[in-house]
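Below are the chains, spelled out letter by letter.
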Amino acid sequence: MAIELLIKNGVVYDPINGVNGEKKDICIRDGKVVAEVKNPTVLDAKGRVVMPGGVDVHAHIAGGKVNSGRLFRPEDGRRGSEPKTTACRACSGYSVPNTFATGYRYAKMGYTFVMEPAMPPLAARHTHEELIDTPILDNATIPLIDNNWMTMDYVKSGDIDLLAAYIAWIIKATKGYGVKVVNPGGTEAWAWAKNCDLNDAVPHFDVTPAEIVKALAEANEKFEMPHSIHVHGNMLGHPGNYEMTLDTYDLVKGVKATKDRPVMHATHTQFFAYGGTTWGDFESKAKAIADYVNNNEHVSIDLGSVILGDTTTMTADGPMEYSLHQITGRKWTNHDVELETGSGITPFLYSGKVSVHTLQWAIGMELALLIKDPWKVALTTDHPNAGPFVGYPILISMLMSKKRRDESAADMHSAIYKKAELPSIDRELDLYEIAIITRAGTAKILGLDAHGKGHLGLGADADVAIYDITPEERDAGKIQKAFLNTKYTIKGGQVVVMDGEVVAAPAGRTFFVTPECDPKLTEEMMPNLKDKFEHYYSVTFANYPVQDAYVPNPYEIKAPMRG
Amino acid sequence: MQTIRLKLREEVAVRNARIPVDASSLTPDKLFGKRESEIKAVKVWWGNREENTGELFDVSVEGEAGSAEEVKTVMEGDLSRVKHIGEGMKAGEIEANSDVDMHCGAMMAGGRITVKGNADCWAGREMRGGELIIEGDAGDNLCAMYRGEMTGMTGGRVVVGGNAGECVGQYMAGGEIVIKRNVDILAGLNMKGGKITIEGDAVMPGADMTGGEVVVKGKVLDMMPSFKFVETTTVEGEEYKKYQGDLAMTEKKAKGVLYVR
Amino acid sequence: MFVCMSKKRIKMGIEVKLINGRTVAQGSNLENKLSEEYFNAAAICELNGSDMEKLGVAVGEHVKVKTNAGEVVVKAKKADGNPEGVAFMPMGPWANAVVSGNTHGAGMPQFKGMDAKIEKTGEAVLPVKELLQGYMK
Amino acid sequence: MEVTDVVCPLCGCVCDDVVVEVEDNKVTKVKGACAVGKSKLMGHGRITSPAIRENGILKDCSYDAAIKRTAEILAAARRPLMYGWSSTVCEASKVGIELAEEIGAVIDNTASVCHGPSVLAIQDVGLPSCTLGEVKNRADLVIYWGANPAAAHGNHMKRYSYISKGYFLPEGKKEKKLAVVDVRETKSAKLADVFIRIEPGKDYLVLSALRALLLGYEDVVPEEVGGVPKKDLLELVKMMEETKFGIIFFGMGVTHSRGRHNNIVNAIQVTRAAHKHTKFNIMPMRGHYNVNGFNQVCTWETGFPYSVDLSEGYAWYNPGETSSTDLLMRGECDAALFIATDPGAHFPGESIRHLSKIPVIQIDPYANPTTEFADVVIPAAISGIEAEGTVYRMDNIPLRLRKIVDTEYMTDEAIMKGILKETRLLTLSRRL
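Chains as they are written, first to last, in the working numbering: chain A, 1 to 563; chain B, 1 to 261; chain C, 1 to 137; chain D, 1 to 432.
Okay, chain A solo, but in the shape it has when bound (with noise of 0.2 Å):
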């Protein structure tokens, strides 16, 4: 018999639909919505403001450098324990919460897909086995491609249908979902204790940063990727480093698209909108990289918007770790991966008395409020570098509310008044940006929203929060409260938080890009790629690529190539 759900009397907000606080029911049949249904349960709303689940589009939640945070971190474990009940395993950590925690808390959240945005391809499994005991939460992963010996090979060579190749044959061996881009370039340097910039030769290989980025976008669109490439620029984190950052988006400026979005999404562009020259000197240049946003179509941004306190910060960006870490003398781990990618980790203490954090905290909200259209923005804190995700609704309520902003100013290192915009902005969100922002346009800019996700539209998958405000809610404390526990989260048709409190917990799936490559170009980039599990890797090509048995609920997006 068909499980059936009628959820009567919420606010709609589904920007995807056009539908802006809209009185609506919402019929729901076999985890689809539907547009009648004849015996369902039904949820009274009772005029609460009512959303498709949430869709994150870069948070760093499972694998390799994940799991390395959380062992070196049990004073982080200890902070967020919470015991088993019924329905939940046992909890732990704060910025690195285990598997189980970072389901429920999302779904608590109102979200219900989350894209782990950093894959090293030689550690896929373990990406994967983490995405299995993650619970609830619709989910994919992105592999690490830029700075693969391969990936090098092709971009001095010039040749990108051979990087086309190669590009799809590593997102199937890994089930990925597209082309993750980390420092290019730099991450190798790093496995010699050097870095580059964006003009920089590669040491070794002869390419620049900047020639990676162009091809790799180029390559990316050999194909109908759901999602364009997904970049972290050169020079993370450091000032003076938003003009790098425009310089990159400017790269790929004259290559099409071959579905309606941008070719690129710029990843938590807090961290790369810089000035000054020295941390003495350092300023927002938020303004600068909104209007470039503002004037161009081809770039698509996340925010990276810092909660203050204590958290974990992890990347492919070895060098920048390592830069943190000499900053803070704070414990320091580091991974470098063959022939691939590499990582670092280090925690970090964000404080409002600080000059420095105290813009960056600023500089976030001021890229989500200076560019215009919340379609080209998500929110994100780069869980966990800038905070964890679970501040997501504090930033909520700051978006919508000036007062809040301006109240927390108040208490923060002065600098936020000499250097920063942030004071000056009188702009406040409402519902439906923050339902862009959160869900309709990261689901755009992953391409999912072809995949039933990010909408309440016919056929859409039936993820629903339903938050306990209503439109007219004002107070940012209420705000923050309502987004950070729902009322209901519903997941494919199912009832999985109650009040706040996980009754279910279902898995979730995990969703991959076969990118159908000519099986010709295939065969000519195979001898190449031999050639480096023969002498250089320290796995076997057979051994190499994930099993179907680390995606036991796959969804499969095939991406056909461009003739």
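Simulated from the structure, these hints should not be mistaken for lab results.
You may find that some hints are simply not true.
Computed far set for chain C versus chain D, every beta-carbon distance over 12 Å [claimed, not checked]:
(1) 12
(2) 13
(3) 40
(4) 53
(5) 54
(6) 56
(7) 60
(8) 62
(9) 75
(10) 105
(11) 123
(12) 125
Calculated cross-link-like contacts (lysine to any residue; reagent style SDA-like; alpha-carbon spacing at most 20 Å) [unchecked claim]:
(13) B:252 with D:215
(14) D:421 with A:86
(15) D:187 with C:84
(16) D:403 with A:549
(17) B:116 with B:159
(18) C:129 with D:45
(19) B:253 with D:219
(20) D:403 with A:545
(21) C:64 with C:13
(22) D:357 with C:130
(23) A:84 with D:425
(24) B:242 with D:222
(25) D:421 with A:505
(26) C:137 with D:356
(27) A:530 with D:165
(28) B:219 with D:222
(29) D:421 with D:403
(30) C:129 with D:47
(31) A:84 with B:43
(32) A:532 with D:187
(33) B:228 with D:217
(34) B:252 with A:326
Pulled a few chain B residues facing chain D out of the computed Cβ check, cut under 10 Å [stated by the list, open to error]:
(35) 101
(36) 102
(37) 120
(38) 150
(39) 190
Please read these numbers as outputs of a predicted model, since none were measured by experiment.
A virtual CB, placed ideally from N, CA and C, is assigned to each residue, including glycine.
Take the given structure of chain A and dock chains B, C and D to it, following the hints.
This is chains B, C and D only, laid out in the frame that chain A set:
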């Protein structure tokens, strides 16, 4: 004044397996204001099950208390498998009349604990204030941090009548520790503030110190090879060699002071 | 050197730092511990030649290894890679008979660098089953 | 039949290029594995049947009966210990952790007597490290400290480090240097360009001296530290400063000695100090092929890598308190389940003594000293030969073990699932 007597029943202490009792819910400030019957109903973990205090301890209450400061808890019986005695306590007094198990006085912020025997590992872990007196020996990691933290004891005073184990005062940032006899390896490891006085011998004291003060009145065995001799000086009328360290943390950070006879 | 008196004769003993570790022969029989191969691979103590001379033991003769945690009888084996005063036993039940369970708050027993005394003995080396039976008493 | 790309289920090297001949469902020939790995792949005598001890004697029984008895013991226990997990696959560990949560057990793996101290050290200072292929392609200085790969990790030097050839070092060992630090001259030490012998228990001092020297404070370091002349230390420091990419592999010589985890902290600090001059890394020589895998799974599932006490419903982690050796020596446990491990052989005698007083369950392919006192014995399929599943190499690289022959034995994962199901029935009825 009010005295609450908690005597661990023999059948709890002596069994085939010696399953620990978690006494963190039995601090004077948590018991303040409760009647005897209410104290007996306080939940206590014994292994993987929660029990009523009255089922594990004989409970008696004498006198009245106007505040937590006026509550004294006297713990009796064989307490060598009772953990977390006085953990997190803010006020009042505990007297433990035997050896006690791990984490005695951990995260204590105020009040006073007297242990009439030995205390097992992690006594005074992350202590913030108050006074912890251990008449016998202390185990390892006395007044240290929890795994992964960068701060151990930050305040209060601890006196150990006997010996202490490894890593006394690791990551200590404040407060005072006095050990009347010897300590095992690495006393004052990662110390950044406060003072440790060792009246007996010490092995490799002061490693990775960046602040604070360690005084060793007995012999130092295996002196760290990364400390800089500063001068010969007088402490409490006795002549000491003053060292600065630990240079292995870089000279800029090496602000720890080690006094050796 | 220490000398301990017994009723019938004077036994010579030496004080050593005792190390436990892996060997190829022990590792190759990890799944085969009730076998003679394992017995031969693990019920041994490797000593420097001059330490063996001091003890007056020849290769294959028995020695008793004692620590604060217990004592065990094993066969002597020569290994000049060991400096004088350092004795080595392959990981296994014989070596563990003399390891203390005190982990000093780290979860890890001190398997290496234990203070031990070694003396020559005429006592038999216990097979693994009998060694284990000893704990059951 | 020849099976290629077999993943070796022996040590933390997890060589995945082994070739095995299978005839009549038996392994008849092994190529490419080290002596120890080959010995395991070729096979040994097995436990033939599940068994339950009655009046002191193990009596054969069915899998169902043994699993049921196990569930009864675990459900009744007030402080059960579940230990082992290093010679089995992650899939079995996951079920184990779920069971531990269900019954409020302490779950621990063999890291606690192996590289547990390394984990504690990483929690203090982190771990600058890399994958083994990085070492192969780039490392021109390899230091083994308290590790003897010639005995414990037979293919380590050949596949990954000193003897291998890599992209930036096509000539192999001709272009590399090898240093060994140990208390005795091991087989590995005999291959080294530089061998530094230190006094047992003095690693910590020597490492602090190296840090001071790497940071340029030569004047404070005494002429001899831990039995090593200062000039030898200076020579090692010079090698470290001049390398383009150096790595320290450390073994149980460091974790098992006086100072334990703090020795590792100090070795990591040496790496960080060397990083001021050049690229420097450090890696623990993990022993069993999946000791790391349990630590990984336990970390993402509970938040903590090993020695996790779930008795109060949430995870409490504190090795030294919640670690197996301590629990047993202190007599805390009232039941113990051992899977894919042999405490009878590898725990201190003082800890084994307590096991004679409490019910013990053993799950293992092979009879061993633990069998001598186990009350329930459940034979299992051998992971990597008879069962597939995930393992993590010493450098965190996950690989999938292959199943190369068929078996009638239940897999560890299936056994654990059976126990979980039976235990749930009992705990559920207790709750009702």
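Hint by hint, here is what the structure shows:
1. 12: holds, 22 Å
2. 13: holds, 19 Å
3. 40: holds, 15 Å
4. 53: holds, 18 Å
5. 54: Correct as stated: the minimum Cβ-Cβ distance to chain D is 18 Å, above 12 Å.
6. 56: holds, 22 Å
7. 60: About 21 Å separates residue 60 (chain C) from the closest Cβ of chain D, which puts it past 12 Å; holds.
8. 62: holds, 19 Å
9. 75: Check passes; 18 Å lies beyond 12 Å.
10. 105: Violated, since 4 Å does not exceed 12 Å.
11. 123: holds, 17 Å
12. 125: Check passes; 15 Å lies beyond 12 Å.
13. B:252 with D:215: holds, 11 Å
14. D:421 with A:86: Roughly 16 Å between the alpha carbons, so the hint for residue 421 (chain D) and residue 86 (chain A) holds.
15. D:187 with C:84: Holds - the C-alpha atoms of residue 84 (chain C) and residue 187 (chain D) are around 17 Å apart, at most 20 Å.
16. D:403 with A:549: The hint holds at about 14 Å.
17. B:116 with B:159: holds, 12 Å
18. C:129 with D:45: holds, 17 Å
19. B:253 with D:219: The given pair, whose Cα atoms are some 18 Å apart, holds under the 20 Å limit.
20. D:403 with A:545: Holds, at about 17 Å.
21. C:64 with C:13: holds, 9 Å
22. D:357 with C:130: Holds, at roughly 17 Å.
23. A:84 with D:425: holds, 18 Å
24. B:242 with D:222: With a Cα-Cα distance of about 17 Å, the restraint between residue 242 (chain B) and residue 222 (chain D) holds, given a limit of 20 Å.
25. D:421 with A:505: holds, 19 Å
26. C:137 with D:356: holds, 8 Å
27. A:530 with D:165: holds, 17 Å
28. B:219 with D:222: Judged against 20 Å, a Cα distance of about 18 Å means the pair holds.
29. D:421 with D:403: violated, 25 Å
30. C:129 with D:47: holds, 16 Å
31. A:84 with B:43: holds, 18 Å
32. A:532 with D:187: Between residue 532 (chain A) and residue 187 (chain D) the Cα gap is close to 32 Å, so the pair fails against 20 Å, i.e. violated.
33. B:228 with D:217: Distance of about 9 Å is within 20 Å: holds.
34. B:252 with A:326: holds, 14 Å
35. 101: holds, 9 Å
36. 102: Because about 6 Å separates residue 102 (chain B) from the closest Cβ in chain D, which is inside the 10 Å limit, the hint holds.
37. 120: At 9 Å from the nearest chain D Cβ, residue 120 (chain B) passes the 10 Å test, so the hint holds.
38. 150: Hint holds; residue 150 (chain B) Cβ to chain D Cβ min 9 Å, cut 10 Å.
39. 190: holds, 8 Å
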